[in-house]
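**Q** Work out the full structure: start from the sequences and follow the hints.
Per this note's numbering, the sequence shown starts with residue 5, numbered consecutively.
No wet-lab data here; the hints were simulated from the structure.
Warning: the hint list may mix true and false statements.
Okay, derived cross-link-like pairs now, DSSO-like style, lysine-lysine, Cα gap no bigger than 30 Å in a straight line [said to hold, decoys possible]:
hint, residue 1, residue 2
1, Lys-189, Lys-240
2, Lys-236, Lys-160
3, Lys-189, Lys-112
4, Lys-240, Lys-160
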Amino acid sequence: MSHSPDEKPCRTEGPGSSGRGEAKPLRRMFAGVPDRYDLVNRLFTLRFDERWRSLAAREILRHSPTRVLDAGSGTGDLVLHLARQLPVQTEIIGADFSEPMLSVAMKKVSRAGFRGRIGLVCTDVSNLCFPDDHFDIVSLAFAFRNLVWRNPIAEKCLAEMVRVLRPGGKIVIVESSQPGSGFLKFWYHAYLKMVVPRLGDFLSGEGGAYRYLAESARLFLNPEEVEALLAKSGFKGIRHRSLLGGVAALHVGEK
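**A** Here it is in structure tokens:
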């Protein structure tokens, strides 16, 4: 991968330094949960998170990309989905600011036999270390709300994702959402408020992390608000599909 002289080099094939100085609270929070992150997520979502990532992968495959960036890749579930289905010559990069998360991702990538197939990069989405117009797809699987919910640099994160996408490239997001039914929304919010933080604390010992994850999901944008945010950032042809009554949604937009 080539870079212009003013771009920071990416450290691939394992976690490295993101070069942003002191760790932020969100970075410290995610550093404490990676070992049980997958297990807890499966329990909380009754494994629906796996189905929803599969739907995101299916959407990505529809566009036959040659270069894919999974931003906020975490423990690497989506890039593994893609590596199993995309042609071997496809460039697949998972990027995250959390070195502990990427360490877990590297172990999973190695076990799956994809070490030379998937690049893992420690970089911040607000300051991506990739050239302009480089990727056909930028995907986010349950990372989008971490970038835009109560984040003072949300616009910078969105601008960076636009920058690295080629003209005509797609953004594919699967994320928590807001049910349209008032009845379902009431019980979904009650579950997020009362169950998720306590069970997360019990299973992982990191109650603070799951309090944040539950609160950000409970207070996150509805699909129309996400579409407005993407449109403001310069995306067009934006569409969404509600999942499981609206507790999650799949969003697609074009640069």
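**Q** For each hint, tell me whether it holds in the structure or not.
**A** Here is how each hint holds up against the structure:
1. Lys-189 to Lys-240: Holds. Lys-189 to Lys-240 sits at ~29 Å (cutoff 30 Å).
2. Lys-236 to Lys-160: Measuring from Cα to Cα gives roughly 12 Å; hence the hint holds.
3. Lys-189 to Lys-112: Answer violated: Lys-189 to Lys-112 is near 35 Å, above 30 Å.
4. Lys-240 to Lys-160: Within the cut-off at roughly 18 Å; holds.
Checked against the numbered hints given earlier, this structure breaks only hint 3.
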